[in-house]
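Student: Below are the chains, spelled out letter by letter.
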Amino acid sequence: GQQLNQSPQSMFIQEGEDVSMNCTSSSIFNTWLWYKQDPGEGPVLLIALYKAGELTSNGRLTAQFGITRKDSFLNISASIPSDVGIYFCAGRTYSGGGADGLTFGKGTHLIIQP
Amino acid sequence: DTEVTQTPKHLVMGMTNKKSLKCEQHMGHRAMYWYKQKAKKPPELMFVYSYEKLSINESVPSRFSPECPNSSLLNLHLHALQPEDSALYLCASSHPGRQGAQPQHFGDGTRLSIL
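Chains as they are written, first to last, in this note's numbering: chain U, 1 to 114; chain B, 1001 to 1115.
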């Protein structure tokens, strides 16, 4: 099956620093999504990307859909304590049936040191 | 607050019990999904329903039985589960959409423990 390689696996940063994480795949995806998951909760959608080369921002978050459609990155600027959590990339293909499940990366665990 | 509601939040059951997990959304989405998530792992797709019909079953054991009684509800019936089935079970929904373009919105999950 499809696999997504997400890196880094974990990040220890100081408050105020910028953060960058990425996902790569051997397969092409039609959609890239970035989610954040806090303990005891479900994943929350941060950014959705639909076109190769697309660059989208959501507040301090910026994500890009790679031109080859096999990769995506997420940047967080000026990190704050509430940014702590696990960030997942997810890719979606289109099989023509109208609904397809997501393939998730293994997650990046963001830890902010005071 | 999530717009996908899952009940119960926690469930402890024995291996001989029968129980059901429930999921509800009122966003008008016509695609609904079940995922399984083990600790410190990403969610893994189990089932996809599109327009109330099962469209994807990711080779899930028959002790998990999904049901979509209407466009707002999704159930997962559990019977004779094994200890390794202990996990967080997540429900998600989306518009089926064209080109797979519609993002999925997740509930907060049911934490299932099998004794």
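Careful, some of the hints might be misleading.
To be verified - Okay, derived cross-link-like pairs now, BS3-like style, lysine-lysine, Cα gap no bigger than 30 Å in a straight line:
| # | chain 1 | residue 1 | chain 2 | residue 2 |
| --- | --- | --- | --- | --- |
| 1 | B | 1019 | B | 1040 |
| 2 | U | 106 | U | 70 |
| 3 | B | 1009 | B | 1053 |
| 4 | B | 1040 | B | 1009 |
| 5 | U | 70 | B | 1040 |
| 6 | U | 51 | U | 70 |
| 7 | B | 1009 | U | 70 |
| 8 | B | 1053 | B | 1018 |
| 9 | B | 1022 | B | 1040 |
| 10 | B | 1009 | B | 1022 |
| 11 | B | 1018 | B | 1041 |
| 12 | B | 1019 | B | 1041 |
| 13 | U | 70 | B | 1018 |
| 14 | B | 1018 | U | 51 |
| 15 | B | 1041 | U | 106 |
| 16 | B | 1041 | B | 1009 |
| 17 | B | 1053 | B | 1022 |
| 18 | B | 1038 | B | 1053 |
| 19 | B | 1038 | B | 1019 |
| 20 | B | 1019 | B | 1009 |
| 21 | B | 1009 | U | 51 |
| 22 | U | 106 | B | 1038 |
| 23 | B | 1053 | B | 1041 |
| 24 | U | 70 | B | 1041 |
| 25 | B | 1022 | B | 1041 |
| 26 | B | 1009 | B | 1038 |
| 27 | B | 1038 | B | 1022 |
| 28 | B | 1038 | U | 70 |
| 29 | U | 106 | B | 1009 |
| 30 | B | 1053 | B | 1019 |
By construction, these hints were calculated from the structure, which means they are not laboratory data.
Student: Now tell me if each hint is right for this structure.
Tutor: Hint check:
1. Proximity of residue 1019 of chain B to residue 1040 of chain B is assessed by CA-CA distance (about 25 Å); at most 30 Å being required, the pair is judged to hold.
2. Taking the CA atoms of residue 106 of chain U and residue 70 of chain U, the gap is near 16 Å; set against the 30 Å cutoff, the hint holds.
3. This hinted pair checks out: residue 1009 of chain B and residue 1053 of chain B have alpha carbons roughly 26 Å apart, not beyond 30 Å.
4. For the proposed pair residue 1040 of chain B and residue 1009 of chain B, the alpha carbon gap of about 19 Å is at most 30 Å, so the pair holds.
5. About 24 Å separates the Cα atoms of residue 70 of chain U and residue 1040 of chain B, which keeps this hinted pair within 30 Å; it holds.
6. Among the hinted pairs, residue 51 of chain U with residue 70 of chain U is consistent with the structure: their alpha-carbon atoms are about 12 Å apart, no more than 30 Å.
7. Of the pairs offered as hints, the one joining residue 1009 of chain B and residue 70 of chain U is violated, with about 36 Å between alpha carbons and a cut-off of 30 Å exceeded.
8. A threshold of 30 Å between alpha carbons decides the hint, and for residue 1053 of chain B with residue 1018 of chain B the separation of about 23 Å falls inside it, so the pair holds.
9. Taking the CA atoms of residue 1022 of chain B and residue 1040 of chain B, the gap is about 24 Å. The hint holds against a cut of 30 Å.
10. For the hint pairing residue 1009 of chain B with residue 1022 of chain B, the CA-to-CA distance comes to about 10 Å; that is within 30 Å, so the pair holds.
11. Proximity of residue 1018 of chain B to residue 1041 of chain B is assessed by CA-CA distance (about 26 Å); at most 30 Å being required, the pair is judged to hold.
12. Restraint check: the Cα-Cα separation between residue 1019 of chain B and residue 1041 of chain B comes to about 24 Å, which is no more than 30 Å; the hinted pair holds.
13. Restraint check for residue 70 of chain U and residue 1018 of chain B: not satisfied, since their Cα atoms lie roughly 42 Å apart, outside the 30 Å limit.
14. Only pairs whose Cα atoms come within 30 Å are accepted, and residue 1018 of chain B paired with residue 51 of chain U is rejected, the gap being roughly 44 Å.
15. For a cut-off of 30 Å, the pair hint linking residue 1041 of chain B to residue 106 of chain U stands: about 6 Å separates their Cα positions.
16. For the hint linking residue 1041 of chain B to residue 1009 of chain B, the alpha-carbon distance of about 19 Å falls within 30 Å, and the restraint holds.
17. Proximity of residue 1053 of chain B to residue 1022 of chain B is assessed by CA-CA distance (about 17 Å); at most 30 Å being required, the pair is judged to hold.
18. Straight-line distance between C-alpha atoms of residue 1038 of chain B and residue 1053 of chain B comes to about 27 Å, which keeps the hinted pair within the 30 Å bound.
19. For the hint linking residue 1038 of chain B to residue 1019 of chain B, the alpha-carbon distance of about 19 Å falls within 30 Å, and the restraint holds.
20. Between residue 1019 of chain B and residue 1009 of chain B, the direct Cα distance comes to roughly 13 Å. Compliance with the 30 Å bound is thereby established for this hinted pair.
21. Restraint check for residue 1009 of chain B and residue 51 of chain U: not satisfied, since their Cα atoms lie roughly 36 Å apart, outside the 30 Å limit.
22. Distance check on the hinted pair: residue 106 of chain U and residue 1038 of chain B sit about 12 Å apart at the alpha-carbon level, within 30 Å; holds.
23. The hinted pair formed by residue 1053 of chain B and residue 1041 of chain B meets the criterion: a straight-line CA distance of about 28 Å does not exceed 30 Å.
24. In summary, the hint linking residue 70 of chain U to residue 1041 of chain B is supported, as the alpha carbons are separated by about 22 Å, within the 30 Å threshold.
25. Taking the CA atoms of residue 1022 of chain B and residue 1041 of chain B, the gap is near 23 Å; set against the 30 Å cutoff, the hint holds.
26. Taken as a hint, the residue 1009 of chain B and residue 1038 of chain B pair is honoured in the structure, with Cα atoms around 16 Å apart against an allowance of 30 Å.
27. A hinted pair counts as satisfied when its Cα atoms are at most 30 Å apart, and residue 1038 of chain B with residue 1022 of chain B qualifies at roughly 19 Å.
28. At roughly 26 Å between alpha-carbon atoms, residue 1038 of chain B and residue 70 of chain U fall within 30 Å of each other, so this suggested pair holds.
29. A threshold of 30 Å between alpha carbons decides the hint, and for residue 106 of chain U with residue 1009 of chain B the separation of about 24 Å falls inside it, so the pair holds.
30. Of the pairs offered as hints, the one joining residue 1053 of chain B and residue 1019 of chain B holds, with about 22 Å between alpha carbons and a cut-off of 30 Å not exceeded.
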